[in-house]
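Protein chains in written order, with my numbering: chain L, 6 to 431; chain R, 82 to 574.
Among these hints, one or two may not hold up.
[Unchecked claim] Calculated pairs, DSSO-like style, for lysine-lysine (alpha carbon to alpha carbon, straight line, at most 30 Å): (1) L:Lys206 <-> L:Lys255; (2) R:Lys155 <-> R:Lys409; (3) L:Lys305 <-> R:Lys239; (4) R:Lys310 <-> L:Lys421; (5) R:Lys310 <-> L:Lys74; (6) R:Lys190 <-> L:Lys305; (7) L:Lys328 <-> L:Lys429; (8) R:Lys513 <-> L:Lys206; (9) R:Lys508 <-> L:Lys206.
[Stated by the list, open to error] For the chain R half of the interface with chain L, some residues (derived, Cβ under 10 Å), not all of them: (10) Glu289; (11) Glu297; (12) Gly336; (13) Glu340; (14) Trp498.
[As the list claims (entries may be wrong)] Simulated coverage check for chain L against chain R, where a stretch passes if three residues somewhere in it have a Cβ under 8 Å from a Cβ of chain R: (15) 126-135; (16) 197-209; (17) 235-247.
If you're looking for bench data, these hints aren't it; they were derived computationally from the structure. We treat Cβ as the ideally placed atom computed from N, Cα and C, and that holds for glycine.
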Amino acid sequence: MNTSRRDFMKTVGACTLGAGVWNLTEHNPLLAAPPKAPVRDCPTVVAIYLRGGVDTLSTIVPFRDPNYKSLRPTLALSAPGAKGEDATLPLDDQFAFNNNMKELHALFGKGLCAPMICVGSPHPTRSHFDAQDFMERGAPGQRTVATGWLNRYLTETKTSRDANLRAVSLQSLLPRSLRGDYPVLAKPDQNADLALSLYSKIYPHTKSGMEGAAPAGNQHSRQAIQEFGARTVEQLAELTEVLSQPTKSKVKYPDTSFGRQLRDVAKVIAARRGLEVAALDYGGWDHHIDEGPVSGQLAKKLTDVSGTIGAFVEDLGPKQMQKVLVLVMSEFGRAVKENGNRGTDHGHGGFMLAIGGKVHGGKVYGQWTGLETDKLYERRDLPVHTDFRVAFAEVLKGVFGYDAIKAGLFPNYTSKSPPLDFVKSA
Amino acid sequence: MNTPAFSTRFGLAALGVAVTTLAIGLAFSNAQTPSRPLGPNEMAVHVLNRLAFGPRPGQVAEVAQTGWRKWVEKQLHPESIDDSATEQLVRDRCPSLAMSLTELMDDPKDQQKRNKIRRDRKEELIDSVILRAASSNRQFQEVMVEFWRNHFNVDFNKVPMLAGHFEENVIRVHCFGKFEDLLLATAKHPAMLVYLDNSVSRARGLNENYARELMELHTLGVDNGYTQKDVVALARVLTGWTVGWRPGASGREYGFVFEQRRHDNDPANVVGLELSGRKGMADGEAAIRHLAHHEGTAQFIVTKLCRYLVGDQPPQSLVDKVVAVFQKSGGDLRETYRAIVFSPEFGETKAYRSKFKTPFDFVISTLRITDAKVNASRRLAHELRLMGQPIYECVEPTGYSDAQEAWLDPGVLVYRWNLAIQLVTDKLPGVKVGSAFTDKVLKPSTQTGRARAVIDQIMPFAYDSRTERLVSQSNDLRTMIALALGSPSFQQQ
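This is chain L alone, in the form it adopts within the complex (with noise of 0.2 Å):
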């Protein structure tokens, strides 16, 4: 160590332990007195987004369509009842699940769980980022659209009182249906107490806006950045607090990270602050090489979606789920026909799954027209029957009484498809 250094340490080192700004409650009222946070209770809708293309021929199996096994040479599943690892579960005549989705298979069983087939988007991209923009900001085809339909929600019904955890993110980027004007926290993965109270002085909870001219142009740049560090350290202050009250919870999640981020969503929920939307996205999905249905790479994640949920279910308990909605989607489904890699390329028409006690479950919702080539979008792809928005804009109904058509949530929406009335009403 050179001489400047060993004094800039000393330097450093003298005034600074004890100094007060290191303190952990001198400068941070929001930690020193934990935020007042009233007992709110209030349904929540938990968003997940597959992100990839999940294979919707794989998770929910046509296992009557006649042209299914010939399209599948490798990857087709068994019907239910078949012998062998990859007979599927049972949900109508027509329909199962892939065998590893076993939770989600009893929570159909309950009434509890709605799957929906051929639903998606009605631009035609198969590009995964623009299906996944189109989708998660609500506005397919519309690039000028930049905010999230989620947060458009939060945005256009957001009050004075909102609660500091109205909307949460537990991972530490947030998904872009939740990004726009409205600060949604995403939850960083590292104790935060220390820079909380050091940088709470930089970027305080004040509505005066910013101090000092920046030159022009880039002011907009300074307060949004201004502006999301104040909201960070109140949010973040109230979630530290809720996520590090031990846990009562007895219920074992997969430990994997989405075990662990749906555990803390439960855990947020249970302590009845507030929490209207939580987003979660799940990536891994676009197999175009050995998909693997069965025990492989779609199998393994389709078993910790299915085990993690189902823990959520029972973690929250009936009385509480019954003001919960969980939306799974994924931006759009694979080729009917399997590639030449036992793998599937990037196709159209998907599915969605929605799980809790404000869904009409027990039944699989959307219009089926079979595998026949004719019936297929581009003679390739399953067709979309529901544009996703009717799905979006039911959920925002049923569960916060929502118009978000009437109040045009969704820009320049035409869609003439039919509703699938699969929320129970608000």
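Assemble the complex: chain L is given as a structure, and chain R must be docked to it using the hints.
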């Protein structure tokens, strides 16, 4: 260069300008101030923020003195800048970067040994990325390597043995050359062929993945003049472009292979280009060259470059001018960069500090301004993972976005704040603040003087009076530095 007299002069000048502008700003607080050309000091800050990963200690003053144009001109010719110290360091610490594809792929059968090699390669690659970005004298080259690394993204976890070779022999070799050459080099590199599955695509077993991304992400941009038919046609034209071992001068050699047996010989039309289907690999090359020179590609690439270098919403007038340069020069990237960075739109207040730093920008600029010595980059790699931008692990072929909306959420700032605190409290394993920085901030004998030095170094000409006030009010140097590094202004470039 850094005489005390100059530093003082510079410090006073900075203070003067800040105070003046503050007064003006307050007088017109609610009016929309029109964009004006940046002054010479601001311009020095601006080029170091945008065309480098932020200034090193004292560097703003240096560039302001020699003139920013001179600095930029030199940076446009990275080969003219001596960078032997950093390159030596990379050679010593990251030997796998110099290996041939054959050496890289000739790994032992033993799974444990393979895993170890894989881990080492990853660490070496990440180490080299951080070392070069933080300490290379060819800063603009590093900034453009980062751009193309994301444009032609490959995910280390899918191509562990090949990603480093790809950066070294494709991105670094061609990023100041012609776009066409860069594009063809990516198309023939095993890392790209494996990453986007073209290596397994056959006439009877087509895989569309690469063909789609080649048009959507690498050339035309999404929905820009191609259809699903074009995707299939291009995928067919590119069948047989794969990887493998073949006999070479000194035994077996690994690399790009064109396999006629897998190739589809049908005639095809790719975005208006008719191909006979009989020319084998040459048909694929023709298709790729056709895409490289397509009008839509010029628009897409130039818009993306302007977003990266000027601002998230670059003026269309600028894009149009630069598209003309790109096309006229036959896709010459150096000429294209030059057209952007010497444009009036680049040097306006509208562009100044208007971009939100990506996590990578933040980490590297922090290392640069504090003269940090990185003896091990493992911890930094971990921090970048937490911030959502692990190096060479972007799963999506888009690469990482450089737009504010992609990175600015409540919560993400916490990682930056924690990093700043760890760095100043000496708790970031493998990373130490260096003397070029400590010399500068310890030079003044008063706390006020030190606060001024911290502000001048970390947030020069930021006009951020709240942070400046809080920094000055602190009686603790470490706190001052951490506050400045975590301030709104240091998140901007």
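Checklist entry - Given glycine 336 of chain R as an interface hint, is the shortest Cβ-Cβ distance to chain L below 10 Å? => result Violated, about 21 Å.
Checklist entry - If you look at each residue in the stretch 126-135 of chain L, do at least three have a Cβ nearer than 8 Å to any Cβ of chain R? => result This one holds; 7 residues, not fewer than the three required, reach chain R with a Cβ under 8 Å.
Next on the checklist: What's the verdict on lysine 310 of chain R and lysine 421 of chain L, does the C-alpha distance respect the 30 Å limit or exceed it?
Outcome noted: Cα-Cα ~28 Å, so holds.
Next on the checklist: For a C-alpha distance cap of 30 Å, please report whether lysine 206 of chain L and lysine 255 of chain L respect it.
Outcome noted: This hinted pair is violated, its Cα atoms lying about 40 Å apart.
Item to check | Straight-line alpha-carbon gap lysine 310 of chain R to lysine 74 of chain L, limit 30 Å | outcome: 26 Å, holds
Checklist entry - Is the hinted pair lysine 328 of chain L and lysine 429 of chain L satisfied, with a Cα-Cα distance of at most 30 Å? => result 11 Å, holds
Checklist entry - Keeping to a limit of 30 Å between CA atoms, is the pair of lysine 305 of chain L and lysine 239 of chain R held or broken? => result 18 Å, holds
Next on the checklist: Checking one constraint from the list: CA of lysine 513 of chain R to CA of lysine 206 of chain L, max 30 Å. Satisfied?
Outcome noted: Holds - the C-alpha atoms of lysine 206 of chain L and lysine 513 of chain R are around 26 Å apart, at most 30 Å.
Next on the checklist: Using a Cβ cutoff of 8 Å, are there at least 3 residues of the stretch 197-209 of chain L near chain R, or does the coverage claim fail?
Outcome noted: holds (count 9)
Next on the checklist: Would the hint on tryptophan 498 of chain R be counted as holding, given a Cβ-Cβ threshold of 10 Å to chain L?
Outcome noted: Cβ of tryptophan 498 of chain R sits 4 Å from chain L, so the hint holds.
Checklist entry - Does the CB of glutamate 297 of chain R sit less than 10 Å away from some CB of chain L? => result 5 Å, holds
Checklist entry - Can the hint on glutamate 340 of chain R be confirmed by a CB-to-CB distance to chain L that is less than 10 Å? => result Constraint on glutamate 340 of chain R not satisfied, violated at 14 Å.
Checked against the numbered hints above, the structure breaks hints 1, 12 and 13 and satisfies the rest.
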